[in-house]
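> The task is simple: from the sequences and hints, build the whole structure.
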Amino acid sequence: MPSISKERARWLATHILPLEAQLRAWLRRVAPRGIEADDLIQEAYAKLASLPEDADIAYPKAYLYQITKRLITDHIRHSSVISIEALAEVAQISVLETGFTPERILSGRQELERLYRAVDSLPIPCRTVFVMRKFDDMPQKVIAAELRISENTVEKRMSRALRIIIEYLQVNDRGDEKDGRLARTKRQHPQGA
Amino acid sequence: MDGLPGRSGSIRKVRESAAAIDAAAASWVVRLDRGLTATEEANLHAWLGADGRRLGAFARAQAAWLHADRAQAFRAATNWRAPPATAKATRWAAAAAIIAGFAMSFMMWQSYSRTHLATAKGEIRKDSLADGSYVTLDTRSRISVQFEPETRIVRLESGEALFEVEKDSARPFVVQAGDVRIRAIGTAFVVRRGSDNEVEVTVTKGVVSVWRETKKLESSTRLIAGERAVVSPHKTDRPIELTETELAHALAWKSGIIDLNGRTLSDAAAEFNRYNRQTVVIADATLAGQVVVGRFQANDPLAFVSAAAAMLDAHVRIDGEQLILEGGPTP
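Protein chains in written order, with our numbering: chain A, 830 to 1022; chain B, 2 to 332.
Everything labelled a hint here was simulated from the structure, so no lab data went into it.
Hints are supplied without guarantee of correctness; some may be wrong.
[Stated by the list, open to error] Straight-line distance between alpha carbons at most 20 Å, and here's what the computed EDC-like set of lysine to aspartate or glutamate pairs gives:
(1) B/255 / B/180
(2) B/122 / B/285
(3) A/970 / B/301
(4) A/970 / B/42
(5) B/255 / B/165
(6) A/970 / B/34
(7) A/835 / B/70
(8) A/876 / A/836
(9) A/835 / B/165
(10) A/835 / B/42
(11) B/255 / B/151
(12) A/963 / A/980
(13) A/963 / B/70
(14) A/963 / B/301
(15) A/876 / B/52
(16) A/970 / B/268
(17) A/835 / A/865
[Stated by the list, open to error] Chain A side only, calculated, beta carbon under 10 Å to chain B, not exhaustive:
(18) 833
(19) 843
(20) 868
(21) 885
(22) 945
(23) 957
(24) 970
(25) 983
(26) 984
Treat the numbers as computed from the prediction; the structure is a model and nothing was measured.
All residues carry an ideal CB built from backbone N, CA and C; glycine is no exception.
So this is what it looks like as structure tokens:
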């Protein structure tokens, strides 16, 4: 199975997802021109997903920032024109020494509020299948039968619900950015529900 | 968008956008949730292998999928499950939002954070906790931190720690050491787990209450700044008041110093042995009972045994990792 283990996913959900909005904002500030925050974040998740199952990470936040910083350095090294200045600048980015910062708890609360807004904002057909799956633990097949729609439709609505939720999770709490991103998503994926 | 790598074969390689990868990853996670056919599994393999970012997006989408389980918290407070009834929908949604907001602030959601901190032998470390409190761990100590919306719980699993607690009267700070509980609001205190399940609590600032889990909170002991109490499985000693010097001694370890204030030589040796690989051995029973005074670097046991030898008419024999203090002049 190429998928990551449930434990690893849960760990990512508890320790990394809540940091993502903050990390993204940080990356927009520090990443050199031409390196996309979104790419870096996917690469960072790939690194975290490939960690050995028993890896014990005491400071997820510090670890996440270290990884991302290293990724930036790699990007600069592999780019066609290596800028020594850019490398030196990245070297100066200070990564927090410890993961125990007040943001951790705050983001836990914000996270839940964000999740509420995300689910609340789902188009009703998407929300219905999503909630049937998550509240009632109904398999997708059963949902399809219940709603008298095809399994393929359930899958499409569910995917769309998940995409919207992910969009909500990745923005920081300034609403302006959120709206922009969601609008963009809608344009890109007009199919679905 | 079936997630297969179709574009990579063209001559001008177009880099897939992060958003496109995210969308494909979300679809894969949903398909995984309903179960994959053998072909789909192979396709997923191929898809993941074609770009390093895809595994990341996939892991993240899986994490979000699991994270979304927390939405169950809103189950009772929302009408999300109800079939779309257009007329009532808006009114309901407004009410639901209020109720959900209310439920949220009172709920103990699963996203509590739990973390471990530990020091190796000879290590002394200060860390800040999520609430702004500080903890300083003495040598070979271990704590686990579990912060929830209404309580802050730190379990002292072994060793000794100084807690400097950030004031938050809505969220008491409770240290658990075996079955001993120490509750504080905004204060500073040292907890040390000794042998025989003894727990020593020394308060340097503010007030704490100390009790045993097996007893009721009413029977707790109040300790104020400058007091110390020792709780053993059988009894809780009355708090004793410490002099300023004694209090300073109790905190000396924080700066890597062992302050021997009228302790016996065998006690002192045991203290050094908590920090160092080299062990101090007092070979002579009469020497072991001698009372000594002095301040030493915790990581310099040789300085300590040499000073003790000079003071007590003894000598030091070094045998591998052992520093042995023997009576009489150097043979």
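> If a hint holds in the structure, say so; if it doesn't, say that too.
Now for the hints, and whether the structure bears them out:
Note on residue 255 of chain B and residue 180 of chain B: the hinted pairing is violated, with a Cα-Cα distance of about 25 Å set against a maximum of 20 Å. Distance restraint check for residue 122 of chain B and residue 285 of chain B: the Cα-Cα separation of roughly 26 Å exceeds the 20 Å cut-off, and the hinted pair is therefore not satisfied. In summary, the hint linking residue 970 of chain A to residue 301 of chain B is not supported, as the alpha carbons are separated by about 69 Å, beyond the 20 Å threshold. This hinted pair checks out: residue 970 of chain A and residue 42 of chain B have alpha carbons roughly 19 Å apart, not beyond 20 Å.
Taking the CA atoms of residue 255 of chain B and residue 165 of chain B, the gap is about 12 Å. The hint holds against a cut of 20 Å. Under the criterion of a C-alpha separation no larger than 20 Å, the hint pairing residue 970 of chain A with residue 34 of chain B is consistent with the structure, at around 11 Å. Between the alpha carbons of residue 835 of chain A and residue 70 of chain B the distance comes to roughly 13 Å, so the proposed pair stays at or under 20 Å and holds. Distance hint between residue 876 of chain A and residue 836 of chain A is fulfilled; the C-alpha atoms sit about 16 Å from each other, no more than 20 Å.
Note on residue 835 of chain A and residue 165 of chain B: the hinted pairing is violated, with a Cα-Cα distance of about 37 Å set against a maximum of 20 Å. Taking the CA atoms of residue 835 of chain A and residue 42 of chain B, the gap is near 17 Å; set against the 20 Å cutoff, the hint holds. Restraint check: the Cα-Cα separation between residue 255 of chain B and residue 151 of chain B comes to about 30 Å, which exceeds 20 Å; the hinted pair is violated. Among the hinted pairs, residue 963 of chain A with residue 980 of chain A is consistent with the structure: their alpha-carbon atoms are about 17 Å apart, no more than 20 Å.
For a cut-off of 20 Å, the pair hint linking residue 963 of chain A to residue 70 of chain B stands: about 6 Å separates their Cα positions. The straight-line distance between the Cα atoms of residue 963 of chain A and residue 301 of chain B is roughly 59 Å, outside the 20 Å bound, and the hint therefore fails. Only pairs whose Cα atoms come within 20 Å are accepted, and residue 876 of chain A paired with residue 52 of chain B is accepted, the gap being roughly 13 Å. This hinted pair does not check out: residue 970 of chain A and residue 268 of chain B have alpha carbons roughly 70 Å apart, beyond 20 Å.
Under the criterion of a C-alpha separation no larger than 20 Å, the hint pairing residue 835 of chain A with residue 865 of chain A is inconsistent with the structure, at around 28 Å. The closest approach between the C-beta of residue 833 of chain A and any C-beta of chain B is roughly 5 Å, which is under the 10 Å cut-off, so the hint is satisfied. Contact between residue 843 of chain A and chain B, as hinted, is supported at the beta carbon level, the nearest pair being about 6 Å apart and thus within 10 Å. At a threshold of 10 Å, the smallest CB-CB gap from residue 868 of chain A to chain B is about 5 Å, leaving the interface hint in force.
Satisfaction of the interface hint for residue 885 of chain A is found here, the shortest Cβ-Cβ separation to chain B being roughly 8 Å, below the 10 Å cut-off. The interface hint given for residue 945 of chain A holds, since its Cβ lies 6 Å from the closest Cβ of chain B, which is under the 10 Å cut-off. Interface restraint check: residue 957 of chain A against chain B, minimum CB-CB distance 7 Å, threshold 10 Å, status holds. Using the Cβ-Cβ criterion of 10 Å, the hint placing residue 970 of chain A at the interface with chain B is satisfied: the shortest such distance is roughly 7 Å.
Interface restraint check: residue 983 of chain A against chain B, minimum CB-CB distance 8 Å, threshold 10 Å, status holds. At its closest, the beta carbon of residue 984 of chain A sits 6 Å from a beta carbon of chain B; the interface hint therefore holds under the 10 Å criterion.
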